[in-house]
Every structure is written in C-alpha cells, then in structure tokens.
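2 protein chains.
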Amino acid sequence: MSERPVKAAVLVIGDEVLSGRTQDVNVRQIAEFLSPLGITLGEARVVSDVQDDIVEALNALRTRWDYVFTTGGIGPTHDDITADAVAAAFGRPIDVRADALEILNTWYANSGTQLTPARLRMARIPDGAELIANPVTGAPGFQLENVFVLAGVPKIARGMLEDIAHRLKGGAVTQSASIRLEGVREGDIAEMLGQAAVSFPAVSIGSYPWFEELAGGGLSRGVAVVLRSADGAALAKAEQTLRSQLPAQP
Amino acid sequence: MSERPVKAAVLVIGDEVLSGRTQDVNVRQIAEFLSPLGITLGEARVVSDVQDDIVEALNALRTRWDYVFTTGGIGPTHDDITADAVAAAFGRPIDVRADALEILNTWYANSGTQLTPARLRMARIPDGAELIANPVTGAPGFQLENVFVLAGVPKIARGMLEDIAHRLKGGAVTQSASIRLEGVREGDIAEMLGQAAVSFPAVSIGSYPWFEELAGGGLSRGVAVVLRSADGAALAKAEQTLRSQLPAQP
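So the protein lines, in turn, are chains A and B. At position 231 of the first sequence the residue is numbered 231 (UniProt numbering), and the sequence of numbers has no breaks. At position 115 of the second sequence the residue is numbered 115 (UniProt numbering), and the sequence of numbers has no breaks.
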C-alpha cells in the first residue's frame, strides 16, 4: 500500500438536507466506511437539486480529490437529476442503458412492480460508467472515473458501498487514540496540546469540548482529545506523553 | 419584507466531522433557525482545519450567498484557526481585542476560571467585526460583513444564533406542506409529481422515499411528498390537487 494520503470528498445532493427537513448521515457513514481502507475525507458539500450547482461542485471536487462520492437524486422523480448532471459534468452522453434496464426488469419482475416510464429514468446511465449494485431496491448507482454515484437513502447508500470497496485504492490506514477528560476546559490544556502538536508533527491532535446534562439538572463538561496518525509508533508515543501530562483521566 | 429569495450558506470547519467521529447537526439546526426568518440554505460545505481550505471556501461562499454561517474552530487550542482564517479571507488585521477580552475577564472572574495565554486566543477578533454574544461559555463569536462566525458545539451555536436574529434581513417566508404515503414507491407517483411540478411552477415539489423496520422484522416503505413555496395560495392549490390525485393517505 502506498504511503501517500488518499483523500476523498462527499457531495450530498438534495434540497431536503438544505431545508433542514432531513438530517444527513451519509457524510459520516461514508467517512466511517472509508477510514479502514486508508481513505480520509478532505471535504464535503451539500448542494440543491439544481443542475448547474451540481456540475460546478462535482467538477471542483473530482479534480481536487482522489475520489468523490455523491449521494441522492437518482430516483425516478422529476427532481432526480444527478445522473444527468454527472453526465454533463463529464461531457458524456446519457440515455437508458440496456444493462441497467435489465437489472430493473429482473428486479421488478421478481417483486411484481410495474416498470413505468418514470422508473425508466433510473436506467439512465452515462456512457462509459460502470454500474454499482443496489442490494436494497435494485436500481443501480454508477461509477464514472473517480466519481461514485450513490443513493441518498442511507440504507441503500450503505448497500452500494459494499459493492465498491474493491474498486478503491487506499493509502496508509490512519489510526487514532482518544483521551477523555472530565471537568476540564479546553483552555486548561491548550498550551500542552499546542506543544505536543509541535513535538509530534506526524500526529494530528484535535480537542473537542463536550457538555452533558446531568440527571440532577446540572451540566457536566470536559474535553475529548483525539490523536490521529498513519504512523503507529508516533501515535503511541504522543498518546503516552499526553496521558502523563494531562489531568487525571477516568 | 422583500420578495427576493434570501439565501445563506453554512461552512462547517472541523476535522472531527470529516473523520466521521462527530455527526454534524449544525447545518440542520441553522436551516431550521433561518426558515421562519425567510432565509433558506443554498449550500453547505465541510472543510478541515487548514487555513487555505477555509479561506478558499469562505471566499467562494460569501461572494455567492447573502449570508454565511461558519461553525467550529473558535476555541483556545492550536487547531482553532477560524478567526485567523476569516481575517485572512477578508484581508483584515486580527489581534486580541479589548471588548472581547473584557467579556472573557468578566466571565472568568464570575466562574473562577483563570485567563490563561491559551484562552486569550478566544479574544482574537478581526478589525471591524461585531461581536456575537455566547450565553453558554462566554467566549464570543463575531460577524464580519455578511459572515457570522459561530462555535461548533451545537448548544453554543444555538445560543449565538439568538443574538443575531435581529441582524438578518429575511425574504418571503417559505411555507411547506407534506403528504405521507404508505406502501407506495416513488416510481408509482413520479409521473403525477412531474406534471404537478409543471402545473405549479411557484411550488417546489420534492419526493423522499422512506423505509422503516417493522417490529415483526419486516420492512415498511413509502414516500413523503414535500411541497414548498413562498406563495401560500399556490401551495394550497398544489397540495389540494396532489392529495386528490395521489393514492389514499393515512
């Protein structure tokens, strides 16, 4: 495996996330799926169901990052424009494709569903794209070069990820360690963490304050210190050093 | 109130969201806060704790959208670089500012916390910025032109939003209606929805498939049809028309 960091982006497509109606969980789900493969997310964007916006974002992301994963907008309704937008971004023709149509025909025959004109929309695949199996509802996603087009429903997106794991070339796997501190504020340990960041340049050190409501009505607070590195030895040394310097840990 | 649509963007700053460690909820929280003010989100981005990435994204967003809300990266630790990145994006000087320092001094005196050199970092505010009150932990956010810099911890971000509602000029408030269909697949209603989208151009019509695990182990499915418009009469007419055409609703 290469030691070059491999970085990906997620492009969430959908007015329902921007309106606040739907809580996106695909960014996190994809990050968690990629992490053990040695691929980390460098950026994520959410855009609305507008072709120009999708094309612009996709072209920015696919030229900058090793991989791009889009979610949403590949269903049968008028607002499902992702496949056409991806084709436009790549300047590729798009039409109903025989292999995708066959998958839909078989799936719907088995489930007794009618292949309506609207459902034909889900067989529109850009020229040269490789299909991605959808084990949940049949209608496939697709891969075009470094772009993977997935469904927006999290269960379906998760099913599709299983089909593409073997297509991804990962880098060094990032390991992490975390230290949970209670009753501590970030300002109490900021200087110590800053020094550790200088002493261990191969280790990324983040600190994340947390707050919890207590059953009695009060508020408990603390900080989670998270260390990440592709260098296991450096990570262990940094963790050991910080644990010895930080306030007592539970 | 103006009828021009007022659009905003959210810029989430933080490796913890991109790593999958933390589930972002601020995009949704901010969308829900803005909606009754007549402001809708047009885009959201998540970038890592890297100054160039923050500057590039912020400059792209603040020139395109009416407002930008950033979350994260304004604490006291070495990875909290948002204030400096925002100053760099605007080409403004930044330093510890007397008004912010006074807020911290008062807050910490009341809570018996020491104002360490690291905590001084939280008083770094770009020249010309207006402070945003933080009712939860004291350290302020700030507004620079059309950019609002908020904390990443959702409770604190929520508290800060209360202080800026009066600074925002909203547009026509978008109203919405939703129709929940059970046992229906998107493909069954796609043609009908596409026709309605043509008949009611002032109404945005979205359809969102849902899946639910049943207690017995099976899977229930359906579609939520969501209509949105700033034109209440058009919305009501579109809803009435669709309800009469769609399959029976619970």
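The set of hints was computed from the structure by calculation and includes no laboratory data. Mixed in with the good hints, there may be bad ones.
Because identical chains cannot be distinguished in the list, a pair is counted as satisfied if it fits within a single copy or across any two copies.
Below, in silico cross-link-like pairs of lysine to aspartate or glutamate (EDC-like), each with a Cα-Cα straight-line distance of 16 angstroms or less [as the list claims (entries may be wrong)]: (1) Lys169 / Asp53; (2) Lys7 / Asp53; (3) Lys155 / Glu191; (4) Lys7 / Asp66; (5) Lys7 / Asp99; (6) Lys155 / Glu212; (7) Lys155 / Glu213; (8) Lys169 / Asp188; (9) Lys169 / Glu213; (10) Lys7 / Glu32; (11) Lys7 / Glu191; (12) Lys169 / Asp99.
Status of the hints after comparison with the structure:
1. Proximity of Lys169 to Asp53 under the C-alpha cut-off of 16 angstroms is found in neither arrangement, the shortest distances being 28 angstroms within a copy and 24 angstroms between copies.
2. Taking the shortest Cα distances, Lys7 and Asp53 sit within 16 angstroms of each other only across copies (14 angstroms), while inside one copy they are farther apart (22 angstroms).
3. Within a single copy, Lys155 and Glu191 get their C-alpha atoms no closer than 43 angstroms, and across copies no closer than 25 angstroms, so neither meets the 16 angstroms cut-off.
4. Taking the shortest Cα distances, Lys7 and Asp66 sit within 16 angstroms of each other inside one copy (6 angstroms), while across copies they are farther apart (31 angstroms).
5. Proximity of Lys7 to Asp99 under the C-alpha cut-off of 16 angstroms is found in neither arrangement, the shortest distances being 31 angstroms within a copy and 41 angstroms between copies.
6. For the identical chains of this complex, Lys155 and Glu212 are inter-copy neighbours only, at 10 angstroms across copies versus 30 angstroms inside a copy, given an alpha-carbon limit of 16 angstroms.
7. With identical chains, the CA atoms of Lys155 and Glu213 are at most 16 angstroms apart between copies only, with a shortest distance of 11 angstroms across copies and 31 angstroms within one.
8. Neither within a single protomer nor between protomers do Lys169 and Asp188 lie at most 16 angstroms apart by alpha-carbon distance, with minima of 41 angstroms and 39 angstroms respectively.
9. Proximity of Lys169 and Glu213 under a CA criterion of 16 angstroms is satisfied in neither setting, with 43 angstroms inside one chain copy and 34 angstroms between copies.
10. With identical chains, the CA atoms of Lys7 and Glu32 are at most 16 angstroms apart within one copy only, with a shortest distance of 13 angstroms there and 31 angstroms across copies.
11. For the homomeric pair Lys7 and Glu191, neither the shortest alpha-carbon distance inside one copy (30 angstroms) nor that between copies (39 angstroms) is at most 16 angstroms.
12. Taking the shortest alpha-carbon separations for Lys169 and Asp99, neither the intra-copy value of 26 angstroms nor the inter-copy value of 51 angstroms comes in at or below 16 angstroms.
Hint compliance for this structure: hints 1, 3, 5, 8, 9, 11, 12 are broken, all remaining hints hold.
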